[in-house]
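Starting from the given sequences, assemble the full structure and let the hints guide the process.
In the order they appear, the protein sequences are chains A and B. Just so we're aligned, residue 8 is where the first sequence starts under the working numbering, counting upward by one. Just so we're aligned, residue 8 is where the second sequence starts under the working numbering, counting upward by one.
Hints should not be assumed to be uniformly reliable.
Because identical chains share one entry, a pair is satisfied inside a single copy or across any pair of copies.
Stated by the list, open to error - The list that follows gives simulated cross-link-like pairs (lysine-lysine, BS3-like), each with its CA atoms no further than 27 angstroms apart:
| no. | residue 1 | residue 2 |
| --- | --- | --- |
| 1 | Lys496 | Lys42 |
| 2 | Lys313 | Lys76 |
| 3 | Lys453 | Lys322 |
| 4 | Lys99 | Lys66 |
| 5 | Lys66 | Lys101 |
| 6 | Lys453 | Lys101 |
| 7 | Lys453 | Lys42 |
| 8 | Lys324 | Lys42 |
| 9 | Lys218 | Lys101 |
| 10 | Lys197 | Lys453 |
| 11 | Lys218 | Lys22 |
| 12 | Lys218 | Lys46 |
| 13 | Lys313 | Lys195 |
| 14 | Lys99 | Lys77 |
| 15 | Lys184 | Lys174 |
Hints were generated in silico from the structure; no laboratory data involved. Only a predicted model underlies this, so the values are computations on that prediction, with no experimental measurement involved.
There are 2 protein chains.
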Amino acid sequence: MEEKINKFREMIKEKKIIDSMLALLQWDLETQAPKGGYKLISEMIGELSLKSYNLTTSKEFLEMLKELKKNEEKLDDIIKREIELLEEEVEKIKVIPSEEYKMYSELTAKAQGIWEIARENNDFESFAPILEQIFNFNRKFIEYRGIKEDVYSEILNDYEKGMNVKKLDNFFAELKKEIVPLLKEVNKNKRDFQKKVKFEVSEYNQKLFSKEILEYIGFDLERGVLSESAHPFTLTVNKDDVRLTTRYLKDFPFSSVFSTIHEGGHGIYEQGVDEILKDTILSDGASMGIHESQSRFYENIIGRSKEFWFGILEKSKFKYSELSKLTLEEIYKGINEVSPSLIRVEADELTYSLHIMIRYEIEKGILSREYLVKDLPRVWNEKMYEYLGVVPSTDSEGVLQDVHWSCGLIGYFPSYALGNVYSLQILNAMKKDINIEGTLERGELKRIKEWLREKIHRYGKLKTPKEIMVSVTGEELNPEYYIEYLKEKYKNIYN
Amino acid sequence: MEEKINKFREMIKEKKIIDSMLALLQWDLETQAPKGGYKLISEMIGELSLKSYNLTTSKEFLEMLKELKKNEEKLDDIIKREIELLEEEVEKIKVIPSEEYKMYSELTAKAQGIWEIARENNDFESFAPILEQIFNFNRKFIEYRGIKEDVYSEILNDYEKGMNVKKLDNFFAELKKEIVPLLKEVNKNKRDFQKKVKFEVSEYNQKLFSKEILEYIGFDLERGVLSESAHPFTLTVNKDDVRLTTRYLKDFPFSSVFSTIHEGGHGIYEQGVDEILKDTILSDGASMGIHESQSRFYENIIGRSKEFWFGILEKSKFKYSELSKLTLEEIYKGINEVSPSLIRVEADELTYSLHIMIRYEIEKGILSREYLVKDLPRVWNEKMYEYLGVVPSTDSEGVLQDVHWSCGLIGYFPSYALGNVYSLQILNAMKKDINIEGTLERGELKRIKEWLREKIHRYGKLKTPKEIMVSVTGEELNPEYYIEYLKEKYKNIYN
Chain A
8 MEEKINKFRE MIKEKKIIDS MLALLQWDLE TQAPKGGYKL ISEMIGELSL
58 KSYNLTTSKE FLEMLKELKK NEEKLDDIIK REIELLEEEV EKIKVIPSEE
108 YKMYSELTAK AQGIWEIARE NNDFESFAPI LEQIFNFNRK FIEYRGIKED
158 VYSEILNDYE KGMNVKKLDN FFAELKKEIV PLLKEVNKNK RDFQKKVKFE
208 VSEYNQKLFS KEILEYIGFD LERGVLSESA HPFTLTVNKD DVRLTTRYLK
258 DFPFSSVFST IHEGGHGIYE QGVDEILKDT ILSDGASMGI HESQSRFYEN
308 IIGRSKEFWF GILEKSKFKY SELSKLTLEE IYKGINEVSP SLIRVEADEL
358 TYSLHIMIRY EIEKGILSRE YLVKDLPRVW NEKMYEYLGV VPSTDSEGVL
408 QDVHWSCGLI GYFPSYALGN VYSLQILNAM KKDINIEGTL ERGELKRIKE
458 WLREKIHRYG KLKTPKEIMV SVTGEELNPE YYIEYLKEKY KNIYN
Chain B
8 MEEKINKFRE MIKEKKIIDS MLALLQWDLE TQAPKGGYKL ISEMIGELSL
58 KSYNLTTSKE FLEMLKELKK NEEKLDDIIK REIELLEEEV EKIKVIPSEE
108 YKMYSELTAK AQGIWEIARE NNDFESFAPI LEQIFNFNRK FIEYRGIKED
158 VYSEILNDYE KGMNVKKLDN FFAELKKEIV PLLKEVNKNK RDFQKKVKFE
208 VSEYNQKLFS KEILEYIGFD LERGVLSESA HPFTLTVNKD DVRLTTRYLK
258 DFPFSSVFST IHEGGHGIYE QGVDEILKDT ILSDGASMGI HESQSRFYEN
308 IIGRSKEFWF GILEKSKFKY SELSKLTLEE IYKGINEVSP SLIRVEADEL
358 TYSLHIMIRY EIEKGILSRE YLVKDLPRVW NEKMYEYLGV VPSTDSEGVL
408 QDVHWSCGLI GYFPSYALGN VYSLQILNAM KKDINIEGTL ERGELKRIKE
458 WLREKIHRYG KLKTPKEIMV SVTGEELNPE YYIEYLKEKY KNIYN
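Written out as structure tokens, the structure is:
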């Protein structure tokens, strides 16, 4: 048995090295590679993906899994869970012809460069054919599993086990029912709070402040880096090498601050996985919904609170001089102004979920063939007008704004909304152990990080998202806390 | 035959993908990876190096080479040259046990992180054991070839075919004979010209200027990038993805300017290789000496000339405001001050070769067991005092200053001196076709690039260094022009 387990660990190590290499190529592509390099790097990604595919679908690998399962009672929880997840993964990919698997990996690698240029040039047409291919591949891969109807539910389930269109429809309907009237209420008292927190700061100084904030919230820069990209993201090479990006807007320094805190939340999660899981396939977030619960927790519940800014103004060595001219109240309202706007990553908490709904409905519509890719700019703008009352003047500010589709992340967006909901459930549990306001005011963010690590981060994928939510909060997904939080917060701000 | 050639191209493609991947990992390690990532990335480099080793020493590969050679008359010049170089390469590595090959790759990958930290902390001792291993591996790898005596000559020959200790001893003796008296002469008239070109410029502005200069000299930023690292270097993923680094000293902007131009020279060479060689193993510089001839040509002959600065002051959209307060003469003398100093990469042209001599003598001494690694700080300082009359106060400014040894580049340094000599031979030939002064004054650097491309760059490794020198200049290595140039230049400055 020991021999079999050693064999298993060896193969997993090989798999992890390939995956880490893929991660590094991805990182390079999005942060440094010149345009001339896109082609070769995409090819490399294709090659490596094929290697990873071949490894996990090989006869040797599948037999090894079978052998181990025969003696399941002798295995510890970690390896049992690894086998369970590997079986799920293999089940999904082995039905895909290897050439298509490779083609798709190359396609999504290449697509990012094309998306970036399309976004720069406000040229949806140059991106549309590749986007269509990406959607088609996604539909086809699900169909290979024998699923012909309600393909999108199956995709959703890949990101968040147990999720499907019906559940999400209900969930969004609930949010809509509560948030849209609240938004109307707030809009009646609309004020330009944000003006005061829009000032010019050099990119260099924004960079320094971003790094300080990362350390302040507990991200370890010895085991991670902060870089820049067109669209902020987090990428894990391994738990000792967690990479974040942000982007700097010269005349609105808070944009990078909140991107940085958001990605920092993802990064703290990844860095916090237990050392014992490091060389296993469990050293990763439990699900994308749980992952986003951490990033949104840091970004909104912590980052957009008054107490956080009180703490950082007291403690920061480096802060924008313009900040000291403002009262805490002005900062707080400035960073929490509700204003239906075009860009999701800069949306306030109240309109944020509506941005997600738009993407959710579009993905659903394309996969069910209700919409065609070429119609997306129009559909996008119509939905923006319907839910948010604003219409982008360019596709760069509209349908081209997100990196996700070019990466092949169809079905990912709902994770952000689930993350919001989870984060408030988690806050409610945390409150029983920690005086959050005081902790933030004293700048003791390490305490919060430790609590999250203890309850969530350290487990990685050892627990399912549902197990985590039930063990931490005592219940499954429940939007109640989130809605209550929004109501209270915004009634106070817009009283 | 066609089938055999296709098979060959396929295997070369695989080799090139592995090598490009290695290059990207190296790049990542030196520009972005956090300390926590060094371990895993070094392991990946080890794995990939082993793959590359296994490929080129495999029975299949060797038989393919043999097969092709049987029908040599049917092969074109490109593939013939590829086979010739591959045979040389295989000859050298197949005698090394694969495990040692992998260990050495991992070692040099890991060593760079250790060197960087040692340099930061001025802690030679923490680097010494690893440096000793690197020297030992180098000695051993040569011994595996059956060579027990004069190991260093063999190593030198790997970097510059035909080179050996005897030739280099003569060469350096000649340089020493001419340069040391010249240096004494100059030192009698010593003046502080440099003061005027030392002023403070923000890193951000230095970055902008560096990029402008790169475009000005003809480096294509669509097919390359400029980043930062502890020690400037150039790394090629392929000819459409050529990567340079520089470093910024806040109070001495010319430091980054000349690093950038130097690496730009390497980069222009790599970008200029003929498209037809792109997927061959010839898409690379002819030798390290020829490579350095291009970087030193751009850095010194172009970059430190009066005419270049006249041109750039006229044409630059972005320049340091401090520059416009200086006369052209003040700038010229400022960037050409002769002053025996500690750091090679910042040395003037006259003392530069002496820095190389020190490293050359040390490498020779260690490989012949005349010196021990632990004695290096002392030996270094003694030689600095002997040749340059200055002694570093810390090892960071002394024996720890260069990245080369940690990368395993033993025997590389002489390439810089050869490059200097070559560059003046090339200038002499270029003068017959181009009015260099006028071209620089008018900022028409593309003309110079095109000349170099036509005569040198496009051939990549298709020609040997000797063939290139003879075809371009009509003769082999000849230090005469270099020495004449230095004499004339510095007599004019220090008249």
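Non-conforming hints, listed in increasing numerical order: 1, 2, 6, 9, 10, 11
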